[in-house]
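From first to last, the protein sequence lines are chains R and A.
All residue numbers for the first sequence refer to the working numbering, where the first residue is 14 and numbers rise by one.
All residue numbers for the second sequence refer to the working numbering, where the first residue is 610 and numbers rise by one.
Keep in mind the hints are simulated off the structure, nothing from the lab.
Watch out, some of these pointers could steer you wrong.
[As the list claims (entries may be wrong)] Straight-line C-alpha distance at most 25 angstroms; calculated PhoX-like pairs for lysine-lysine: (1) R:K96 - R:K65; (2) R:K96 - A:K783; (3) A:K822 - A:K1102; (4) A:K826 - A:K810; (5) A:K949 - A:K989; (6) A:K1099 - A:K822; (7) R:K181 - A:K803; (8) R:K65 - A:K1006; (9) A:K731 - R:K65; (10) A:K949 - A:K758; (11) A:K826 - A:K1102; (12) R:K96 - A:K731; (13) A:K1064 - A:K1048; (14) A:K751 - A:K810; (15) R:K96 - A:K810; (16) R:K181 - A:K810; (17) A:K909 - A:K866; (18) A:K822 - A:K803; (19) A:K1063 - A:K758; (20) R:K96 - A:K803.
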Amino acid sequence: MQIVLKRILQLVFVLLGICVVTFLLVHMVPGDPARVIAGDRANPETIEAIRKSFGLDQPLWQQFVTYAGNLLSGDIGQSMRYKRPVTALIGQFIWPTLFLTGYVICLAVPPALALAIASARKPGGLADQIIRIVGIAGMAIPVFWLGIMMSRFFGVALGWFPVSGYGKTFVDHLHHLFLPALSTAIWMVPVLIQSLRAALIEKAGADFVTAARAQGAGEREIFWRTILPNAVLPTLNLFGVIIAFLIGGTIIVETVYAVPGLGSLMINALLARDYHVVQGLTLMFAVTTVGVTFVVDLLSALIDPRARL
Amino acid sequence: MRQIKSFALAAFTAFSLSSALVALPAAAESVIRIASVYPATTLDPSRSGAAGNIEPFGQLYSRLLRRSFETGELEGGLAEKWDVSADGLVYTLHLRDAQFSDGSPITAADAAFSLERVRSDKESALPSPLSAVESITAADPKTVVIKLKHALAPMLANLELWNVGIVSKADVDKRGVDGAFATDPVTSGPYMVKEWRPGEKLVLAPNPHYWRKGYPKSDATVELLEVAEPETAAAMLKAGEIDVMRGVNWAQVEDLKSTDGIDMRMEPSNVVFIVLLNHSREPFSNLKARQAAAYALDNKVLTQAITNGYAKPANTPLPGSLDFHDDAYPGLVADMDKAKKLLEESGMAGKEVKIILGAGSTNQQTGLLMQAQWQAIGLKPVLVNVDTPAWWESTGKGEYDATPTWWMNELTDPDLAVRWALCGSCDSHAFNTFYDNKKVNELTEQGSREQDPKKRAEIYQEISRIATEEVSQIPLYYSPFPIAYSKRLKDLKMTPAMQWTLEETTVTE
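Taking the hints into account, I'd like the entire structure generated from these sequences.
If you want it as structure tokens, here you go:
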């Protein structure tokens, strides 16, 4: 209970900081949302009228007070260009991103586990060398380039997968998001392997392993019950960071595959100076990051009672 | 531990399931999908002049006049016929029997209301086509009377513009402006809105009450998709996920041309690419420095290098497709020696030139060429990259020296074009160049009032000559719209005024 309270308090400060910083940043970047709304040929009077209707003619501090007031009453605002609540837009764009994130986890975790174990079993062995070299290649390939190449090959040339969109049914989603998820997983798997492999090798030589062996435990039992749970902890933390990053940061993959997710929403909002959408999304990402870290901490405690929260 | 195992098992199952999902047959439904980089941001025709909005406005709202897709001539739209008083001050338009998408009749009150919003609403994006109007009234349910402050030659053409589409007064009264145009506006054009997912797609369905009976010819729904990345759009087109790709990159043209089932076309447009120069500060407040900059850019070579020769080098700062344009006028012909000499005489040699570049590969390429050429004559060009909103802010405030960009005129009549790009006393600051020539300003007013086409031709050619010689902007090239179509579509094209001919389109499955 204390943990939860501590977390919530932490969250409040994080959010407060995020609010102020995002507000200042988006308002200080040059560019006028009214110009984006009215278009290139609009005259200065029109632009001024639009600015006024959004309260952008007021001093910055006054705009912040209004924004903060709305936020306290639970209103994260309205998109200036679509005239729709930011929550409705997030509701529209969040599902492809969540699905994609889940999909990436499903595609990345099993091979990462299997390969890390294979690699750590005989450090420096042939399997280890191959896995490490391929892993480095996987990390080094830019996601943007890989995405374009895969969509050209598997999508256009072979026609196996759609090259864009999200689809309507669950099966559709799996089909449409396969290439985007794979492009992301190819980068993520080596990162997880590296972390897990190092931990596995380190823990395999730990005192408690020797102790377990002395007590007569079988190698298989030692590995599954002693080494792996201990080694998985640091990777779990890394995994948490990656998940939080995926929810907010699939911009590249979403752009390459035209997936209508939060990344696309964010980049469009930034390019349109749609202030409330940018602020709302940043807040949401902050809450998600804190939330995911919290879950990871809980999981760590579950696996290892020593990990005090 | 068991948890991890079962999780891993579930993950493997998902992996194999998805791998087995390859090659599902595409569902056969009649949809025309058009991908564009330009987003739709509002359904209110008076509120935006951005490209992504102009295109759907034309499908949703009929105007009093329309332009024939075949001949390009003006003909009756919602107005069946019209009379113009001898002094050119009173336009009386007689409406035909027509209905909105909800089945209610389209009356003169609706027409007057729609035009009045464009003319006098504070948030109207482009009131200039109706700036000469004194009053708009509904004389009876079928007759609209427009009185002008002074005669205006392009008045009828202006009534065909995308933003003077007719909207339902009753609906706006009932739901308010924000409500009426939020998701499902009552429309008067060939299509109505089926679904709008902002930032993703706008789905249109044929309007069963459209006044042109038998149109749209196809009952297919139309999806206007936003696809930011041209590489992605090309892949989608090749994979059959879209039917039309708007804004093909010059580098993609050859590849799409050689792809089976794709018709890669260059549609004529009213677009001109230019370099804006800031006349409000040194070095380009100096006429000779501007001329030096212009003589240093060989736009024939530049056009070939950037567009692979698909565009035509420009001879004046106005779009080449406009009425009265003089194709034979040579413009300023590139000459490096002359450029160096002029720069020396101007006393601006060695001055720093801040070139700001908006997003996109064309801007980047043009910027690099400008930098190289201007460096060679003795200027000090510096490139600064910005995104679109920042570009507007810098140019609007005059915080730049030069920038490559493009614009298009909605009509072939030159009046609005001159007011936008060259007239210093109009409200655009001559497209943020702050060019201000008294003679040009006077000729602008004279040209719009003159009724004799021959005299108008002389006036606009004189304006073009003055602006070219004084280098109001540096003309680069006249670009077509490079658009790739699936061959299963018949009779779809984009008109020079950025309007799709979707109502004529048929689909062969």
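Here is what the structure says about each hint:
1. R:K96 - R:K65: Holds, at roughly 15 angstroms.
2. R:K96 - A:K783: Distance of about 18 angstroms is within 25 angstroms: holds.
3. A:K822 - A:K1102: This hinted pair holds, its Cα atoms lying about 21 angstroms apart.
4. A:K826 - A:K810: 22 angstroms, holds
5. A:K949 - A:K989: 13 angstroms, holds
6. A:K1099 - A:K822: OK: K1099 of chain A and K822 of chain A at ~19 angstroms, within 25 angstroms.
7. R:K181 - A:K803: 16 angstroms, holds
8. R:K65 - A:K1006: This hinted pair holds, its Cα atoms lying about 19 angstroms apart.
9. A:K731 - R:K65: Holds, at about 11 angstroms.
10. A:K949 - A:K758: Given that 25 angstroms is the threshold and the Cα spacing comes to 49 angstroms, the pair is violated.
11. A:K826 - A:K1102: 14 angstroms, holds
12. R:K96 - A:K731: 18 angstroms, holds
13. A:K1064 - A:K1048: Holds, at roughly 16 angstroms.
14. A:K751 - A:K810: Outside the cut-off at roughly 36 angstroms; violated.
15. R:K96 - A:K810: 16 angstroms, holds
16. R:K181 - A:K810: At roughly 14 angstroms apart (the allowed maximum being 25 angstroms), K810 of chain A and K181 of chain R satisfy the hint.
17. A:K909 - A:K866: Holds, at about 24 angstroms.
18. A:K822 - A:K803: With a Cα-Cα distance of about 20 angstroms, the restraint between K822 of chain A and K803 of chain A holds, given a limit of 25 angstroms.
19. A:K1063 - A:K758: Within the cut-off at roughly 23 angstroms; holds.
20. R:K96 - A:K803: 18 angstroms, holds
When each numbered hint is compared with the structure, violations occur for hints 10 and 14.
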